[in-house]
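Asks: As they're listed, the protein sequences go chains G and R.
289 is the number that UniProt numbering gives to position 289 of the first sequence; each next residue is one higher, with no gaps.
223 is the number that UniProt numbering gives to position 223 of the second sequence; each next residue is one higher, with no gaps.
These are computed hints drawn from the structure, not numbers from a lab.
Just so it is clear, CB atoms sit at the ideal spot from N, CA and C, and this is done for glycine as well.
Watch out, some of these pointers could steer you wrong.
As the list claims (entries may be wrong) - Some, not all, of what chain G presents toward chain R, calculated at C-beta under 10 Å: (1) R129; (2) G130; (3) L131.
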Amino acid sequence: MTLFRRSEFIIACILVAAMIIIGLINPAFWSLDNLFGLLRANVIIGILALGVLVVMISGGIDVSFTAFAVAAMYLTIKVMIYYGYGGVLLPFVAATLIGTFLGAFNAFFIHSFRMIPLIVTLGTGSVVRGLLLGLVGTSMINIDKMPQQLIAFAKTDLISLTSASGTNFGLTAMILIYFGLALLTHLFLRYTMMGRSVFALGGAPEAASRVGFNTRNTLFVVYCFAGALAGFAGLLHGSMIWLANPRDFVGLELDVIAAVVLGGASIFGGRGSVIGTLLGVFMLVMVKNSLIIMKVDTTWQRVVVGLIIIIATALTAWRDRKKLV
Amino acid sequence: MQNSSIAKRIFFGQDRNILQLLVITVLVFALMSYLNPDKFLRYYNFESITYIMPELGILAIAMMIAMLTGGIDLSVVGIANLAGILAGVFFHHVITGTDQSTGMIMLYTGIGILMALAIGLLAGVLNGFLIAKLRITPILATLGTGQIFTGLAVVLTGGPAIVGFPDGWNYIGNGKILGLATPFILFVVVAGAVAVLLTRTTLGVNLMLIGTNPRAAVFAGLRKDRMIFYSYMLTGFLAAIAGIILSGRTNAAKSDYGASYLLQAILIAVLGGTNPAGGKGRVLGVSIALVALMLLSSGFQILRFSNHLIDFIWGGFLLLVIALNAFRNTDR
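Turn these sequences into a full structure, and let the hints guide you.
Replies: Quick look at the structure:
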């Protein structure tokens, strides 16, 4: 327990140090406008990261969730437009269910054929994306056609302010959804039998099944959970950017995995926490977004993300070094 | 009788994998010939396959080498693009006008090839260092370095494709030697060399042993870290060769070329009988799997399937193979 606390404490310290450095280079970092923008940018990556966190704790990895997110978003919005449906709650339920269903496929393949999760999810991700683009469509649905209720819902602000230059900005209420899901994930992992079995499965699969955990059910819950969060995040993303683009999210899985690893989760499973992940996501989003205000050319963005992944994984590898022979 | 069974074992290996692959290839061939008899069975179709196949095949062999020790290399496409782009940038700087003699251009082309191969080796050294020395999981290490290589490629080009490679470079991708495609001959040479390396040298045998049981390999006195280090160097080197062929064939280099090659390389390696958990993999198997999948995708292209649907078919094929292998293993 103290070790877990320590690991998150270190991440928090690095985060604060990074914030101070960025703030010194460009004081505009501390403006409310920028901070609200950062929090807003956290929402989607954060929700996706919660799913990846649970998968990683179980000892697996998922690279298909971005395809699931896009599929859930695009299908839901297409159906909404087709029927002219104007609600908000039902579409989100539908998107979540689509994600859950697709996640079950991952679990089925990983469990039934005992195949490495990376390869299974590469396959399912490519299948889902290929079907979506090949059969459903490749055209974007832009703001004219997007269901207005979704946009209105995602526009909800907690605080609305007017900046000195006269433009309006606010803190999006979606951040509450993100924190709510984070709290739920935390409670699930810490205080439910299923949550504990996720840790057990990731720590030692053989031992977990011998002490009586149902590893099959656990696997299904883990990948369905990741799929559900992905589906939900996908639709929320579409609503927040007022655009449903079936080619969206390509390559985002790397950022999300990087954020989760940055947050102290171990790729070998059995280790990781929601608080660490929240911090990791914030760190990644902050560094990426702050390159612009630090006057670094945007072409360097991918190099920086790569370096962050390497440094974070090198640190966790160093932390876990005794485990490896 | 004895002789023939030995020959059979050498060719097919201990498992029936190669045989199964040959059957799949023949089935795919028959299906595609049946679906479009007049277009599929043309000489032109097979010739174009020999041009498109090599770059993917070399990437798949590179992926197989990484998988032999239970690892994976997600940065191969990044390395390939970076190698092509670096050479392209070099050519842009040195080959400026039309006044240069062909001799100088040949020299520059040679330097460009060496630079591309060197950057591949260097990238492999970085991967090997992170994986063997710092003990970072291969998935994460190569995920990170793949971002770095692609990112550097973006920085070098600023986004758009680099065009205008010298003729010698194009020859690698589009030329003919004795009526056969140059890239195809390169592929055969590379595949043969890797096959010899894996089955007839200490490095190859050690890699198989490490992949089968890493702990036992360490206790048996194998230099595990060093061998894994070399294997990622080799992977990077092969990826650079694939990059040279790719940029030679298309006469251009771009940071996001061949993005779908990553999945396809993994698929071909796994389909070819490589065990992603390590210890098993043969160049022959990967080569047959490559032919099967090239026939499949060219057949669907002739049937005017969209590229997205072909992506779907590749992914579906991967899942199918996983299922097939699982059933075959439970039989034993």
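Asks: State for each hint whether it applies.
Replies: Going down the list of hints, with the structure as the test:
1. R129: 7 Å, holds
2. G130: 3 Å, holds
3. L131: Interface hint status for L131/G: holds (5 Å vs cutoff 10 Å).
Consistency with the previously given hints is maintained throughout, with no hint failing.
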